[in-house]
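K.L.:
As given, the protein sequences belong to chains S, X, Z and E, one line each in that order. Counting in our numbering, the final residue of the first sequence is number 524, and the numbers go up one at a time with none missing. Counting in our numbering, the final residue of the second sequence is number 524, and the numbers go up one at a time with none missing. Counting in our numbering, the final residue of the third sequence is number 524, and the numbers go up one at a time with none missing. Counting in our numbering, the final residue of the fourth sequence is number 524, and the numbers go up one at a time with none missing.
Derived by calculation from the structure, the hints in this document are not laboratory data. Some hints here could point you the wrong way.
Copies of the same chain look alike in the list, so a pair counts if it fits in one copy or across any two.
[What the hints assert, rightly or not] Okay, derived cross-link-like pairs now, DSBU-like style, lysine-lysine, Cα gap no bigger than 30 Å in a straight line:
| hint | residue 1 | residue 2 |
| --- | --- | --- |
| 1 | K200 | K138 |
| 2 | K466 | K138 |
| 3 | K138 | K444 |
| 4 | K466 | K506 |
| 5 | K200 | K506 |
| 6 | K466 | K200 |
| 7 | K368 | K506 |
| 8 | K368 | K200 |
| 9 | K444 | K506 |
| 10 | K444 | K200 |
| 11 | K466 | K368 |
| 12 | K444 | K368 |
Protein chains: 4
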Amino acid sequence: MAEFDLVIRGGTVVTAAGASRCDVGVTDGRVVALGEALSGGRERVDATGKLVLPGGIDAHCHIAQRGSQGTETADGFRSGSISAACGGTTTLIPFAAQYKGQSLRQVVESYRARAEGEAVIDYAVHLIVSDPTEQVLGQELPALIRDGYTSFKVYMTYDSLKLDDSQMLAVLATARREGAMVMIHAENHDVIAWLTERLLAAGHTAPKFHGIAHAAPAEREATQRAITLAEILDVPVLIVHVSWREAIEAIRSAQARGLRVFGETCPQYLFLTADDMDRSGFEGAKYVCSPPPRDAANQEFVWRGIQDGTLSVFSSDHAAYRFDDPQGKKLAGENAPFHSIPNGVPGLEIRLPMLFSAGVRSGRITLEQFVAVTATNPARIYGLNPRKGTIAVGSDADIAVWDPDKEVTISAAMLHDAMDYTPYEGRKVTGWPILTLSRGEVVWDGTAPRGAPGRGRFLPCDLPAPAKPQGRFVAGFDPNSGDYTG
Amino acid sequence: MAEFDLVIRGGTVVTAAGASRCDVGVTDGRVVALGEALSGGRERVDATGKLVLPGGIDAHCHIAQRGSQGTETADGFRSGSISAACGGTTTLIPFAAQYKGQSLRQVVESYRARAEGEAVIDYAVHLIVSDPTEQVLGQELPALIRDGYTSFKVYMTYDSLKLDDSQMLAVLATARREGAMVMIHAENHDVIAWLTERLLAAGHTAPKFHGIAHAAPAEREATQRAITLAEILDVPVLIVHVSWREAIEAIRSAQARGLRVFGETCPQYLFLTADDMDRSGFEGAKYVCSPPPRDAANQEFVWRGIQDGTLSVFSSDHAAYRFDDPQGKKLAGENAPFHSIPNGVPGLEIRLPMLFSAGVRSGRITLEQFVAVTATNPARIYGLNPRKGTIAVGSDADIAVWDPDKEVTISAAMLHDAMDYTPYEGRKVTGWPILTLSRGEVVWDGTAPRGAPGRGRFLPCDLPAPAKPQGRFVAGFDPNSGDYTG
Amino acid sequence: MAEFDLVIRGGTVVTAAGASRCDVGVTDGRVVALGEALSGGRERVDATGKLVLPGGIDAHCHIAQRGSQGTETADGFRSGSISAACGGTTTLIPFAAQYKGQSLRQVVESYRARAEGEAVIDYAVHLIVSDPTEQVLGQELPALIRDGYTSFKVYMTYDSLKLDDSQMLAVLATARREGAMVMIHAENHDVIAWLTERLLAAGHTAPKFHGIAHAAPAEREATQRAITLAEILDVPVLIVHVSWREAIEAIRSAQARGLRVFGETCPQYLFLTADDMDRSGFEGAKYVCSPPPRDAANQEFVWRGIQDGTLSVFSSDHAAYRFDDPQGKKLAGENAPFHSIPNGVPGLEIRLPMLFSAGVRSGRITLEQFVAVTATNPARIYGLNPRKGTIAVGSDADIAVWDPDKEVTISAAMLHDAMDYTPYEGRKVTGWPILTLSRGEVVWDGTAPRGAPGRGRFLPCDLPAPAKPQGRFVAGFDPNSGDYTG
Amino acid sequence: MAEFDLVIRGGTVVTAAGASRCDVGVTDGRVVALGEALSGGRERVDATGKLVLPGGIDAHCHIAQRGSQGTETADGFRSGSISAACGGTTTLIPFAAQYKGQSLRQVVESYRARAEGEAVIDYAVHLIVSDPTEQVLGQELPALIRDGYTSFKVYMTYDSLKLDDSQMLAVLATARREGAMVMIHAENHDVIAWLTERLLAAGHTAPKFHGIAHAAPAEREATQRAITLAEILDVPVLIVHVSWREAIEAIRSAQARGLRVFGETCPQYLFLTADDMDRSGFEGAKYVCSPPPRDAANQEFVWRGIQDGTLSVFSSDHAAYRFDDPQGKKLAGENAPFHSIPNGVPGLEIRLPMLFSAGVRSGRITLEQFVAVTATNPARIYGLNPRKGTIAVGSDADIAVWDPDKEVTISAAMLHDAMDYTPYEGRKVTGWPILTLSRGEVVWDGTAPRGAPGRGRFLPCDLPAPAKPQGRFVAGFDPNSGDYTG
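If we strip away everything but chain S, and leave its shape as in the complex, we get (with noise of 0.2 Å):
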């Protein structure tokens, strides 16, 4: 065996499987060995009493992403990037989003050029579909799917973004038929758009009412019809940022059922509640997000969807505005109604220590399920398996070094993103990565953010496998063939 570029020594590698007490030999980016105890190397990293976990895979943040009513996200490829690597991820996979008119293959160009020379990390890309013409499901999309961009997310809500039942259908097809995967925003607009308005025309405008207009029954019923028109067609769906108990149930029985349906979650559902949009003065603004936090009794229900497996990835959906900022929530004014307030939070950083503090070290998920659910489980989701998500021979050399007892209170000033707040100032979390590795090469060394933007590489990615089709028709009609065999 070669001399190795690095070595990684007398740490206990986790992976979902287990942990191991071993050294990582690293050589051009990947890991080429795992050993008792590796030789040579010639950077050493010593990780004695320390965890070595895959980097973070975020498989679901807005970076660099322009909305339709000209907003940006305050974190583009480069902060966002940094701020991700110094919590411990080492993947993003944002989005690039077509709004109604839009040739995808354009958005997509229009979006890689965005991160060109940005990220410090490697990132994959979705890309959202909101205008399913069939020039986009029948030329453009397969062309994409070729291309590496093998996951595609629709909106059952957002007037500039969603979809109806039919082109839902059309798209579920499109990706069975190649073997993509599916993300679903699942809210009933209907809903939510009717009680805006009778919200709003009640003068009920204080940032709490986004929680009221985004009523829970509203996400379960989406949920529900989300997890129909994907039976109908035997193809699998990961429900995104999935906030309500009953909306858990209906995947769990989804998947009771045989149905291969995910469940996404995301930190403001562990960590956030309604309440927090009901602060003084326009302070709750900062917590609107979509779905909204719901109560505190909920929180629990979402750790069990965590640790019986329904929910499967945990994500920041990290959708970042800042808060004093006529470009972030404050679009529309101080004290704008709820309705015209930019939906999102920052998580990128954090997204990880808080769910190892709250999560592994109370005991709530073993290192295994906390491993699986931020890495490994994404990146079998989203084909970036075996490159990302674990540590193995062959997998690139993602890797973040944490030291479980370090004790760290969150602050917006010591976060590297581009906000002006975190919604969990002042927590205090145990555990906090303190080098964070991508191909081998430092990118966060516990105290600085390091490596040079534009050293991120674009990952296209794999069909995933779990999107493999398995022909269990309702009634024996495949609608993309044609076949009946009822």
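Since the structure of chain S is provided, determine the placement of chains X, Z and E on it from the hints.
P.N.:
Relative to chain S, chains X, Z and E alone:
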């Protein structure tokens, strides 16, 4: 006590509360006395050994209804009401159907005119709302409700009738404000349309593919959605013609959560299966209705829904299209593709006897349950009690005297509707009315219909008690009043 | 029609089937006529503006019952029947309790003797079977059933009463063979005993630990087990005094699967909580009963169980032990450990008014549901209909005339039982009977009890119709007949 | 890095976390390196095109076990371990079974003596606790746990083994205090005994009636009860050999409520049905095991339990009794009544190939899931990880090299156990190990077993991490410590 016009002697009077061996005294068309041995009576009926039951209320039937495509149901008020009476039914509640662009008031007037001089039994009228404009919801509906049209049906499918969720919310809000009852045809339109398009494209045009297009998950989904919309508004709803076990489960679960969601089912879901639509030639067309009959195992779940009260109304959904008729099942020709076959099966006359035979005689349900689901519950749910639906002092003398042991073989020839077939040809049942009284007058003497067309009267309905709002708003917001009490 | 002994005029007569404005004619203690304007009547009651309801059936109460430890309930048939009558109840079904080694027949005779000359209203008798020997099951029970003791209760807990699963099966098989109804006290004995032992060992002796020992999962478990045993034998069972939401769910789920499992609940589960057992000093002892009151949130689930019909019987489970009495709650002394406090709360007289006020007045249930769960359903389930439980021609004139607007503040002082406390001291209710008739005779005139002790008669019960076997054996084996049809 | 004893080259190494194309370096029986191209190796295995999987752990098998009635399982440690090895299994965890009155310590010593000099692969030992005296729970068990017997099984049925609920609680409390894992055979004894008695009395003695006696509801019930007992004590449990869909649902529901309840299933519930027990003559006896195989539709639900993680362990429950043998299935003679047929089917050798073929090859589960349920999960649940159950640096080199395309027709003749039949005679599978290594030594070379009897070692188990208490006590009472924090 004055002399009775009529006394029914010696029978066993059954209500939803129990059975009582007593005589029934009728004067001026109403029950004025129940007693152990009522003396007198200008007319007398000997009911010894017989059951004296409330005449049935068929709360879901299409009579003299014109389709948007120019069809008209085979049965008008004359044949429809006669057929119903011969099967023990004494009240019909058919639909005045609005199509897009029509004035509800004019629709009602036109519909009422069709009934003029025709009916032999009394009838109320449900409204079908397909164009819920501000004019309709704000002006016409409230006035019509005051005039006794206190229930309306909305469709989640059919191009010419369907409402989107936003329109549904507007209708439900109106119902809540006015105290009316909403009936919902719950099937996901987009799923059905999308599957239909693909089935046709693949050349699957036989009648049985109607059942494939109207996939069971589409019914479950729409039922869940309808429940959610009702939950948002804290308004009771009745899901009509529930056919599928998962839809029943959705209703049961809603009831268990304290929601006032009612369910109705029909003979076709107890006695027909999808296989019937697969009969040779074009025969399957006779069984095409929506939702379609499901598989045999599913029938047991429908029975359970009746047994445990999840389904509280049993109607015919009589929608009669003659088989060998260019205005009927062959509207688009012999062997026309499934989607062009008029939907519906007849059932006015066999509704009660088939349920009696397979339900009461077999021990599946009690006589009290039979009376409840066929008469008492619909009367209560639609604001007709105490006038209709039970045998009590003060109620109309709408009564069917049943011979519980009478054996009858059903055939199209023996029925009194305008049809050229019955889906139940050759079925043997035990138990049939030998006398039907409408307001004390004989309309079926056990051998032949009696009673002059036109004697049946229009019944204005009260505001249904079960529709009374309770004020349990999701998260404390009343979208009608604008009050927030969260 | 001959002259009536009594006519109740002008009231609104309510049965489980609905309400009717009519007069009630009574002769020889039975309702012989219902009519619009009944003439005559040697006696007349003006019920204008009042509700005329079936007298309640308290199908679960402990009257003149001697415990295995020498206790005797505070109320015998005299005070018990008077108290019940003053609260609108006209039928009691207390228990003749067998202890190990006793002859059931002798138990019954001894118990009947205690009733002799005491009761002012009619009563049937349930058997408690705690020693199901071959003699008991093969000889005594069948004979007793023929004599009108058609229901029996078994206990899954209490040292002196409990049956093991094998004994339960033997009792259930007997019930099935004979057509009797089985009532089950469902709590897991071993769990309670084991927790009790450990609580006492740890010095946790206060009354509130009764609630900890009788852990809610122990009730859920035993309920599930009881249902399973009944399922094996295809025999209906009634789970008594259901207190816990998960037990309700178990019953609902069984009903949805087509099993005939009935559920009963009591005032203490709607109106008391575990906190009541934690009152200062020994006050908590007043609220000690089994199962214990649960938390406040649970009450809503009990209401829902009544609303959707899962729970079809509402009884008092009156088990009266005076507080300041060495034969009562202080049997083992002031501040005795929780397990030595006699279990039970009084409720005969407040049962109906409290449910009327919090249920009917508040809109939670309809008047018809009130009548059903307090009178009609228990009559049907225990073989007393049509004689008791409704107002119909031929039924006994057991009637309570209610003033629905009467405001009453409950206190021990105003009640007519033998108790020195009521758990509901100071509660305000709206609605109370102003007249109670037993077979046409006044037993409560709205101010004072009337009627001579001893006028109440023993009621032999018919075989309950709901207990009729259906023959749906698990895997096709009938353990009674030995037939296998799998 | 020193010279390896052995290098496995060119294969695809699969763990529960994923697959990696790499070489495996083994020294001193342990995996010391995983690398891209490991040089050297005194021995080399070419695994090109093959799968390199962790050797299976058969965590539920009866080896050299003597029954209370004098039976002894056909397979001792020699044939049992050889058969297992030939099917890719490298660790056995059979049972040292205590019968009433026996010292657990002596049981263990006697059992260990039977293994001496016999096993070719390593083994741990579960304890069966049937006499939980204070001596056993207070003295023997804690000492044995310290010696590495950290899991014990209890039975809810079988006369000679069953515990009542109180004993179960005592055992669970001990497990909680000591940190051990409890396995539960969950069937309701009284139901089975009662049905058996009646079946025999009715002359139903054929083998198929074993399936009737072990009624599915008896399994559901006991599973629910076991979960309740565990919930009371906040202690994890594993329900062994789950066969029935409702039991799976009970486990899923418990997991969803946050309880740590694990489930195991076996080949007989995926691949056999009740019809197999109905084969002609006495053939059915070959398939008699407990719980019995259920119907064909149920198999799909077992698959779903594996797919969604409700069932996390797949074991053989190998309990081998020769068919044509007076010590085997014919213990009580040819055509003996079903209850006297020794319970059990063999499965050591076919366990992995049948799951691989029907699970992985068919696409029902992933390779990672296969590894998890057959090796990684049992290692973790029983305290054997990281030594066993995965391929990681530091783990024992217990490895099976699989040819995923090898086609094999199963027959008793080709298997290496001591049996004269296999329930799977003639079944075709695709995929079989072509090499099995135990601590780096070949024990199956693809053609013949190798390795000297006695080379297998006893494995003391650690306290299982999943058994760590969490402190979520029902109503706040810890029955072990006596603490009340309600």
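K.L.:
For every hint, state whether the structure bears it out.
P.N.:
Comparing the hints with the structure gives:
1. In this assembly of identical chains, the alpha carbons of K200 and K138 lie at most 30 Å apart whether taken from the same copy (10 Å) or from different copies (25 Å).
2. Proximity of K466 and K138 under a CA criterion of 30 Å is satisfied in neither setting, with 43 Å inside one chain copy and 54 Å between copies.
3. Within a single copy, K138 and K444 get their C-alpha atoms no closer than 47 Å, and across copies no closer than 52 Å, so neither meets the 30 Å cut-off.
4. When the C-alpha separation of K466 and K506 is checked against a cutoff of 30 Å, the pair qualifies only between copies, where the shortest distance is 25 Å, while the shortest distance within a copy is 42 Å.
5. Taking the shortest Cα distances, K200 and K506 sit within 30 Å of each other inside one copy (26 Å), while across copies they are farther apart (35 Å).
6. Taking the shortest alpha-carbon separations for K466 and K200, neither the intra-copy value of 38 Å nor the inter-copy value of 50 Å comes in at or below 30 Å.
7. For the homomeric pair K368 and K506, neither the shortest alpha-carbon distance inside one copy (44 Å) nor that between copies (43 Å) is at most 30 Å.
8. With identical chains, the CA atoms of K368 and K200 are at most 30 Å apart within one copy only, with a shortest distance of 24 Å there and 40 Å across copies.
9. Taking CA atoms no more than 30 Å apart as the test, K444 paired with K506 passes between copies only; the shortest distance there is 24 Å, against 42 Å inside one copy.
10. For the identical chains of this complex, K444 and K200 are neighbours neither inside a copy (43 Å) nor across copies (49 Å), given an alpha-carbon limit of 30 Å.
11. Taking identical chains as interchangeable, the C-alpha atoms of K466 and K368 lie at most 30 Å apart only when both belong to the same chain, with a minimum of 28 Å there against 52 Å between chains.
12. Taking the shortest Cα distances, K444 and K368 never come within 30 Å of each other, neither inside one copy (36 Å) nor across copies (58 Å).
Checked against the numbered hints above, the structure violates hints 2, 3, 6, 7, 10 and 12; every other hint is satisfied.
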